[in-house]
Amino acid sequence: MAKRFMSYLNNYEVEMKEKGKASESAEPSPSSVAPESEEVEKSASAFFENLMHPSLLPGEQVICQAENTLRFAPYSDRKQGISGNLFVTNFKVTFVTADKSSYAYKETKQRQRNKLIEDNDIPLTCIDTIYQVLSGGKKRALAYGQTVSSTSKYLEIHCKDFRIHVFGFKFVAKDQNKRATNSIVHHSCPTRDDLLFAYEFGLNGKFKENSQRNQFYEQQGWAKELKRLNGEGRWRVADVNLKYHLSTSLPEYFVVPMQLTNADLQKAAGQYIEKHLPTWCYTYKNGASLVRMSQLLPESDFKACEEKMLSAIKQSSGGTVDVEVMDLTQLCPSLMEIRASGQRLMSLCMTDSTKEFYSFDSSWLSRLDSTQWLQHVATCLKVAANATDIILNKTQSVALKEETGYDLSCVISCLVQILLDPEYRTQKGFASLVQREWVVMGHPFQRRSRLVQGADSEQCPLFLMFLDCVWQLLQQFPSRLAMTETYLTSLWDTQQLGVTDTFLFDSAWHRQRFFREGGKLPEVSLPSAWDWHLQFSEEDILLFNNPLYSLFNSYDLENVIASAKGSLKRAGKSASTISYARSLTEFHGDCEGRKDLFKRPNSDVLLPVSTTAARLQLWSQCYLRWCVPAQILGGGRPAGYLQQCLLVEEVICLDHKLKILQEQKKQRERGRDQFPRPQSGLVFSLEAQSQLNSCHLTSSFPFPAEVTAQTQHKLISGPLSLYLHDSLVEYEFANSED
Amino acid sequence: MQHRLALEAVLRFSQISMDRKQNPGTQESGTSSPGLKAASRDSLAAPERQAPGSSMESPSLSSKGSDGSASKSLCSSASSSSENVENFESKVAQESSKPSPDQPPLLEGETVKGQGYDVTYLCPYSGPTRGTLSVTNYKLYFCSIDREPPLILDVPLGICSRVEKIGGSTSKGENSYGIDILCKDFRNLRFAHKQENHSRRPIFEKIQQFAFPITNKMPLFAFEFKGSYDTEEGWRIYDPQTEYRRQGVPNDGWRITHVNGNYEVADSYPSLLVVPKAQPDDELKHVAEFRTRGRFPVLSWIHPESQATITRSSQPMVGVAGKRNKDDEHYIQMIMEANAQSHKLYIMDARPSVNAVANKARGGGYENEDSYHNAELVFLDIHNIHVMRESSRKLKEECFPAIDEAHWLSKIESTHWLEHIKVILAGAVRIADKVESNKTSVLVHCSDGWDRTAQLTSLAMLMLDPYYRTIRGFEVLIEKEWVSFGHKFRQRVGHGEDKHSDDNRSPVFLQLVDCVWQMTQQFPNAFEFNEHFLITILDHLYSCLFGTFLYNCQMHAEKEKVKERTQSLWSFVNCQLEEFTNPLYAAYVHAHVLFPVASLRRIHLWTGYYCRWNPRMRPQEPIHLRNRELLVLKAQLQRRVQELQKELANKHARTNLQPSPPRMSSPVNV
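Sequence lines, in order, name chains A and B.
With the working numbering, the residue at position 642 of the first sequence is 642, and numbering never jumps.
With the working numbering, the residue at position 597 of the second sequence is 597, and numbering never jumps.
The following block holds chain A by itself, in its conformation from the complex (with noise of 0.2 Å):
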C-alpha cells in the first residue's frame, strides 16, 4: 500500500518534469537555442519546490516539517490516502502535495473557501485532542505540555469543528517524526496568550481597529443603544469602570439604573463576584428590562445590598412590580455538565471509520440522548422563553443571577433579546448583539476554549450551545431570521480559527491588555469575526442570506400578495368544497391551510418557543459535515435552501419585470437604468454561473466536506447551475427587449 502511495509521487514528480519539459521549449526562448537540460531541471524543480511549500499568512512561520506524510481520505480505513509533506507553522498544521488527485478535488470545491485556511489545514487553535498511535496499534491521547519519546505511526487530531484528520508517519524519518509530533502537541496550547499565533498575526498583519464593530468598548455604543430602546433618562451609562479600577471583568462602560451614583456602584461592587454588578442588558417597549449580575460573595451583607440593586432597577422600570430574579445557577445546567455533555457529543459524532459508523448507528438515538446535549439546549430555550414571558407579559423586569455572571447570562440574556426583538434577528442586529453580551460584558472566549493551557475545567462549548439554540429557533421560526444555518456554522468556525479580536479574550480589561502590554510594541490590532470578507468571498457570504426572510422584509410586495390573496380567495370557493382531507387529516385546522397563506402573526416577539424533545433536532449541518457515510448526496438541508433561494429569485426578477411593463403600458419608454435589477442577496442572484456550475451538492453543502471514492459515482445530481434550467431568472434583462 506505501508503496503506491509512494510510486504515485514519484510518477508525478517525473510527469510534472516532463511537463515543465514541454512548456518550456514550446516557448520561443530568446535564445533561440534549445534550453540546456539542466536548467529545464532546474526550473521545474523551482516550481516543484513552490508548489510544496504552504502558504503563510503575515507573521506565520513554519516550525518543523514532516516529509512523506500521509494524509489518509477520511472513513477510508487509512487504506487510501495521499502523501506530502506536514507542515506545522505557528497556525496551523498544514499538509502540501504534489499528488494530482487533490487539485482535481479542490477545483470542484469552490464554496466556503476559507480565504485564511485552506479546506484541509488545522488552525492550531481549533486542536481538540490530538492521539498518537504507535506502531503496535496503540492509541493514547497527548496532553499538552506532554514530550513524546515514541515515533508515531499515525497521528490522529480531533478538531473543535467535529472533525478528525489522520496523518500516517510510518515513512516519516525518525527526528521529523518525533518533532512533528511535539510541535504539534507544543504549539495547540500555548502557555500565553502573547504566544499564539493571532499575537504576531496583528502584529504583522496592520489591521484597522473597526470602530463600529466595537462599539459597546465606548460609551457612544451603549448610549445609542440606550437610545433606541428609549431607556434614557431611566438608565445611563456609567464611566465607574475607566481604567477597570473597580472590575476587571466588566467593560469600561456598561449601563445601571439612573438612581445608582457611581459611588453606590464602587460599594456595591465589592459585594459581588468578580465585582459582576447588576447592568443592563434590555428594555422592551413596555418598560420592562432585563439585567444581568453576578452571585453575591457569601460573606457579603445580601438583603441590604441586593434590595437597594433590585429596587433602583425596579425604579428604572417603571416602579410598579418586583423584578424577577432568575437565579440561572439553579435554572440552567452547570458548565461542568455543559462540557461533559459537549464532550459526549462530539465523541459520537465524531468517528472516522466506515465500521463505526454503522456500528453504533443502531443505538445511535439513546446515545444521543445520553450525551443530554438537546436536553440542555431544550432547558436554556425554556428559561429564555420564561423570561421573555415575564417581560412581555407580566410588564416585570427580570434578572438574570449567576456565579460569575458572563456564562449563561450571556446564552440567556441573548436569546431572550432575539425573542423580544427583530432587530437582532438581522445579521447586523445578532452581531452587535453577540458582540455586547459576549465579547464586551466578558464572556473568557480564552478559558471557554482552552486556548492556552488552564483547569481542563475551565473548557466548556457553551457559544456552541448558544448557536444550537439559535439554530433551534431557527428552525422553529423559518422566515423570521435573517441568517441560515450556514452563518451560525461558520461562526463556530471562526470562534475555533483564534485569529480574531471578537473570540480571543476573557474580557474587555483583557484584550487591553494583550494590544498594549510594555506600551514598547508598535500597536497590536486584529480583525473583527463580523468582517467577513477576511474569511470568505462576496459570493460565499451570501450564503449566510435567508431566502424566506428577505423577501418578506426587504421587498415591497403588498400589491402582489394583496392580488394573489384575491385570487386564492376565488380559487378557494371550490377548492374548499373539497376541504374534505384536510379537515381529516389537518389536526389544528387553524394552522393550516390556504387561508392561512400569507397571515403573519400581530407580534414580533418569537412565542411560543417549542421545547418538546420530539421537536428539538441535531444540528446535523454543524456536527455531521464531516462525516462522509451520512452525506446526502444531491440532498440534505440545502436542496431545500436552494430551491427557495431561486424561487425568491424568480418572485424578485418577475416583480422586476412587471414594474417594467407597467411603465411600457403608460408608454413612458423611459430608461431601463431606472429600473435597476434589485439585488436579492442570494446565490442566484449571482451572474457567475461558471461558479454555480462545478459545484456539486450534497447535504454537507457549502462545507467541503469529501466525498469518498466508493460515493463518488453517486454524485449524480448534477452541478448548482441545473438549478437554474428552466428558471425564470433573467440576468439581463434590460437588454433583452426589443
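To be clear, the hints were calculated from the coordinates, so they are not data collected in a lab.
We put the CB at the ideal spot given by N, CA and C, even for glycine.
Check each hint, because a few of them may be wrong.
[Unchecked claim] Far from chain B by the CB rule (all over 12 Å, computed), these chain A residues:
id: 1; residue: ARG192
id: 2; residue: LEU229
id: 3; residue: TRP492
[Said to hold, decoys possible] One side of the interface only, derived from the structure: several residues of chain A facing chain B at Cβ under 10 Å:
id: 4; residue: THR147
id: 5; residue: SER347
id: 6; residue: CYS349
id: 7; residue: SER479
id: 8; residue: LEU557
id: 9; residue: LEU607
id: 10; residue: ARG615
id: 11; residue: GLN662
We have chain A; now place chain B onto it with these hints.
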C-alpha cells in the same frame, strides 16, 4: 472518471427533461377549478379541532346568501369558511348556523344512526368536555357544548380497531363509566357517560355495528358513498399496458403475457404480467408451481438504458428436502439473460436468513446458489409482519398521548421502529445500487412476495425512476406494486372486522409511506408531492371511504366490482392537486437516481404523523406554508406579466395596422 460520469448524468438528465417537456400533463393544476360535485365538503373526521373562532382572519363576507355565522356550521373544518358558503348547495349548508351537536355534517349516502347526549369526551390534552356524540354509517362525530368555540371530533369509523366499555354502572370516580376506542391511526378516544340507565348502551351498540360492518355482514361505507368528482377518473390512473409501455415494454427481452388472465396461475397476481420474451406461457405454469401461491418472478421495472430489471416473486418451494425445479432455474436464467449488460443476477431475499431457513420447514425456503448459475443470494434482514406489528404497538405507546420528555430518543429507539425503517430503506438502496451502478438485474422476494417484496420494489423504483416521484407517478406505483400485485390490504388493515388482535394485521403499508417520507426529507426538492399527500393516503387507508385499499388482490376487487361501485382515492386527490404539491419540487435537478442515507443519523421519527394529535407538536411557523407562499407569488406575478405582455403585444399589433406615424418620431409622444 468523475467528469465522464458527470457528463453522462447531464446527458441523461437532459433526455429525461425533454421527455418531461413533451408530457406536461400532470402538473397543471393551479387555475382549473377542481370540484366535487357532491356535498362531501363537510369536515369529517378531524381530530379535536376548535371550530373557527373569532380569532380567525375575517374572510370577506361577500356571500349574500348566508350570514357570517352560517359558515360555522359547515366548517368545523378549517378550510371551509364563510367565503365559500355561497357555493355550497347541499342541504347541510342551510341547516344550522352553528356547529350543531345534533346535526353532524353528512356525506352523500351518509345517515345518522344514533346519538348520545350528555357525553363527556376525555381529551388527553385539553381535559374533559361535555357534548353530543353522533354515530353515522361512516363516522363518529362529537361536538362539545361547554366550550366556545366548540371542540369537534370527527373520526371515520374505519379507523376504530377496538371498541370497549370501561367501568361498570357501579364504578366510582368521575368519568369512569364509558367507552374506549382504540384507533389505527396512533390515538385512542375515550368517552364517559352518565352512570344511569345504561346510558352508553345504545351508542356503544351503534359504534360496534358500524365500525365493524364486515363482522356484522354489512357493506363497507365505500359502497354507500354517493359522492363523485369532476375530474379524471381515479380508477383509470393506472393502466398496466400504458405503464409498461412507458417503461419500454414489450421489447427485445420482455413481453406481456395474459397467462394469468383468469387468475388461474396465481390468484393474487394481476391478470397482465411481463415475463422474459423467450419464455413460453405453458412453461410459466411449471415455474409457478414451484413458487408459493404461484407467484412466479415477473417484471416490476426495467432500466431504460442498461435493461437491468427488478423482478418480484414469492419464495421457491425448496422445503427441507432441498427440492429443485429445472423450469424455475431455467426461467431465472432467462431473466438474467434478458439483460445483456451483466452475467450475473442478484436474488434479494428480504428476510433475515434465519427466517428463510425456518421457512424450509413449511415447504418454502430460498434459492440454492449451486442450482442457480451466476445468481448471488443476499438476505436483507427485514423482519416479518409480527415483529413490525409489535414495534408499531410500542411506538404508539411512546407517541400517544404524551411523550417522555426526559428519555424521548431512548424510548423511540426501544421501539425499534426506526431501525426497521432503516433496514427496509437500506435494502431498497442496495437493490437500486445494483441496478443502477452494476447494471445487474435483481430478483426480489420474501415469503409470499406481497409485503416486504412490495416495500422493496416500490422503494427501489422510487429511487431509480423520477416518474414515480410525481403525484401521478406515485399513484401508479401504489396501484401497480401494491394494489394490483396483491398486497393484502384488507387483512393487514383489518377493514371492518372486529378482530383487533388478528395476527394478520400489520403496518406494512404504513412502513412504506414512512420510508417515502424519509426520502422526501432527505431530498426536499425531488418529490412533487408533500407530506399532506402522504398523510391523506394513510388516513384513507383506514377510512373505508374509497375503494382503493379495500381488498387483498385484484381478483377479489374485480369480483366485488370495486371500480364500478366505489370511488377511487385518486379521483379525490387529483381534483385538488395544489393541496398536495411540494412547492420546492425541482424535477430538473433530480432527473435521476436518489440514494437516501440509510442511517439513523438521517432517519427521523415522523412526528407530523405519529404525534400529530398532540398540540405541542404543532409547528410555530409551518415551513411548507412559507414555501407555498413563494409559489403562489410566483404564479401570480407570472400571470400578470403574461397578461401585460399580451396586452402590449395587442396594442402594438393594433398600432401597426393603422397607418402609424413613422417609428422615427419618438414613441414617447404617441
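Numbers of the earlier hints that this structure fails to satisfy, in rising order:
Hints 4, 5 contradicted; others consistent.
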